[in-house]
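Protein sequence lines, in the order shown, are assigned to chains Y and H.
Take the first sequence: its letter number 111 is residue 111 in the working numbering, and every next letter is one higher.
Take the second sequence: its letter number 10 is residue 10 in the working numbering, and every next letter is one higher.
In case anyone wonders, no lab produced these hints; they're calculated from the structure.
Hints should not be assumed to be uniformly reliable.
[Stated by the list, open to error] Straight-line distance between alpha carbons at most 25 Å, and here's what the computed BS3-like set of lysine-lysine pairs gives:
(1) Y:Lys-27 with Y:Lys-12
(2) Y:Lys-27 with H:Lys-55
(3) H:Lys-27 with Y:Lys-55
(4) Y:Lys-55 with Y:Lys-12
(5) Y:Lys-27 with Y:Lys-8
(6) H:Lys-27 with Y:Lys-27
(7) H:Lys-55 with H:Lys-27
(8) H:Lys-27 with H:Lys-8
(9) Y:Lys-55 with Y:Lys-8
[Stated by the list, open to error] So these bits of chain H aren't anywhere near chain Y, every CB distance computed over 10 Å:
(10) Val-21
(11) Ser-71
(12) Ser-93
(13) Ser-114
(14) Arg-116
Glycine included, every Cβ here is placed at the ideal spot set by N, Cα and C.
2 protein chains.
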Amino acid sequence: MRKVDPDKYQAKLHQILEAAVVCFAEKGFRGTSTNQICSAAGMSPGNLFHYFPSKQAIIEAIAEEDRREMSERFAQLAAEPDVIVAIERLVNSLLLQCADPVYAKIGVEVVAESMRNPEIATLFAASEAAIKNDLVALLQRGIVQGQIDATLEPKFAATWLIALIDGAVTRSVLDPDFELSTYTPTLMRMIRRFLE
Amino acid sequence: MRKVDPDKYQAKLHQILEAAVVCFAEKGFRGTSTNQICSAAGMSPGNLFHYFPSKQAIIEAIAEEDRREMSERFAQLAAEPDVIVAIERLVNSLLLQCADPVYAKIGVEVVAESMRNPEIATLFAASEAAIKNDLVALLQRGIVQGQIDATLEPKFAATWLIALIDGAVTRSVLDPDFELSTYTPTLMRMIRRFLE
Chain Y
1 MRKVDPDKYQ AKLHQILEAA VVCFAEKGFR GTSTNQICSA AGMSPGNLFH
51 YFPSKQAIIE AIAEEDRREM SERFAQLAAE PDVIVAIERL VNSLLLQCAD
101 PVYAKIGVEV VAESMRNPEI ATLFAASEAA IKNDLVALLQ RGIVQGQIDA
151 TLEPKFAATW LIALIDGAVT RSVLDPDFEL STYTPTLMRM IRRFLE
Chain H
1 MRKVDPDKYQ AKLHQILEAA VVCFAEKGFR GTSTNQICSA AGMSPGNLFH
51 YFPSKQAIIE AIAEEDRREM SERFAQLAAE PDVIVAIERL VNSLLLQCAD
101 PVYAKIGVEV VAESMRNPEI ATLFAASEAA IKNDLVALLQ RGIVQGQIDA
151 TLEPKFAATW LIALIDGAVT RSVLDPDFEL STYTPTLMRM IRRFLE
């Protein structure tokens with residue numbers, strides 16, 4: 001068997017996932033064929049199959065990458081002593097991601113497909129649960145440090161913060177006037193007043 | 001020509017729209033055929049055509065009904081002297097709607113389709129703009145009456161309140177733990193702290 005260069009292998013994986021994300025954003029998970037992903041990635045079906053046995057495996061890898069990225073983001077916030085500042089940084093970085101139309105479209109696609117396809121819902125459920133747990137832990141640290149109102153229930157507060165990010169994605173799709181740089185300061189005031 | 005009983009006509013219209021909403025929630029706007037709507041409404045294609053010339057016309061009527069219902073909701077709130085109470089009542093009634101799986105699914109479907117189909121986006125744009133305008137007017141009244149923080153920009157505040165409702169729809173789809181009666185009190189605290 002030919003020896004595989006691990007760096008080249010990773011680069012190829014990344015290239016396939018990038019191409020797949022663009023296809024899924026444009027046509028949805030159901031509306032995209034593996035052939036279309038091959039074309040977008042500039043490779044043959046046989047070659048793609050060497051990396052991913054199915055479309056489902058590609059979606060699974062995207063969910064996994066999303067989960068890993070979120071986890072890294074939370075790990076970085078651990079170094080920030082002020083929990084309110086940490087949450088503002090988190091929200092800002094998530095809002096920036098929502099401003100990317102490809103990311104916003106994938107976000108909406110995940111919700112729309114999860115609604116009708118339990119397999120997709122399951123693929124993204126681990127990611128959902130991890131974000132909620134990490135945010136709950138951050139809020140609990142804020143309560144212990146006296147920076148966050150101790151009468152708030154972290155699980156409920158975390159959920160509404162996540163709902164605000166979900167809502168920012170929806171607004172960016174439905175409201176032609178919605179523009180991050182002008183709308184974000186009001187969101188930050190809302191979050192501070194809620195938590196402090 | 002046979003004379004049409006206006007009450008019967010309205011009842012039939014309503015029956016078609018109810019059947020269409022259930023189909024659209026299950027299979028999406030694109031995934032639903034007019035034949036499927038006919039079966040769900042228990043009528044022939046020729047008979048349906050008498051009421052709606054196309055699927056697009058049915059979606060248009062659903063958007064129009066949604067706009068009219070929202071407008072009535074805001075009209076009722078005009079009688080409430082306390083603007084914060086009025087907003088709490090509005091949010092509560094919208095959350096109750098989100099708890100209906102058919103309504104939540106249609107909500108997600110509108111976002112997902114608006115993203116890829118400008119015609120659908122246009123159909124629901126009037127509804128979107130009307131809700132934002134009505135909510136801005138309510139917040140402005142609250143500012144004039146001294147119940148709402150005058151340093152808030154009503155347009156931005158209204159948008160984030162709408163984003164919270166969007167987010168509640170998304171949470172109800174993605175978070176298996178999300179349950180309105182336990183999560184709502186924290187949302188109400190968030191809104192009060194934000195606005196007062």
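Cross-check of the supplied hints:
1. A distance of roughly 23 Å separates the Cα atoms of Lys-27 of chain Y and Lys-12 of chain Y; the hinted pair therefore holds under the 25 Å criterion.
2. Proximity of Lys-27 of chain Y to Lys-55 of chain H is assessed by CA-CA distance (about 21 Å); at most 25 Å being required, the pair is judged to hold.
3. With a C-alpha separation of about 21 Å, the suggested pair Lys-27 of chain H and Lys-55 of chain Y falls inside the 25 Å cut-off, and the hint holds.
4. Note on Lys-55 of chain Y and Lys-12 of chain Y: the hinted pairing holds, with a Cα-Cα distance of about 16 Å set against a maximum of 25 Å.
5. At most 25 Å may separate the alpha-carbon atoms for a hinted pair to count; Lys-27 of chain Y and Lys-8 of chain Y exceed this at roughly 29 Å.
6. For the proposed pair Lys-27 of chain H and Lys-27 of chain Y, the alpha carbon gap of about 16 Å is at most 25 Å, so the pair holds.
7. A hinted pair counts as satisfied when its Cα atoms are at most 25 Å apart, and Lys-55 of chain H with Lys-27 of chain H qualifies at roughly 14 Å.
8. Between Lys-27 of chain H and Lys-8 of chain H, the direct Cα distance comes to roughly 29 Å. Violation of the 25 Å bound is thereby established for this hinted pair.
9. For a cut-off of 25 Å, the pair hint linking Lys-55 of chain Y to Lys-8 of chain Y stands: about 22 Å separates their Cα positions.
10. Under the 10 Å C-beta cut-off, the non-interface status given to Val-21 of chain H relative to chain Y holds; the minimum distance is some 15 Å.
11. For Ser-71 of chain H, the non-interface assignment is confirmed: its Cβ lies about 18 Å from the closest Cβ of chain Y, beyond the 10 Å cut-off.
12. Under the 10 Å C-beta cut-off, the non-interface status given to Ser-93 of chain H relative to chain Y holds; the minimum distance is some 17 Å.
13. A cut-off of 10 Å between C-beta atoms contradicts the statement that Ser-114 of chain H is not in contact with chain Y; the least separation is 6 Å.
14. Non-interface status of Arg-116 of chain H relative to chain Y is broken: a Cβ of that chain comes within 10 Å, the nearest being about 8 Å off.
The structure is inconsistent with the numbered hints 5, 8, 13 and 14, although it conforms to all the rest.
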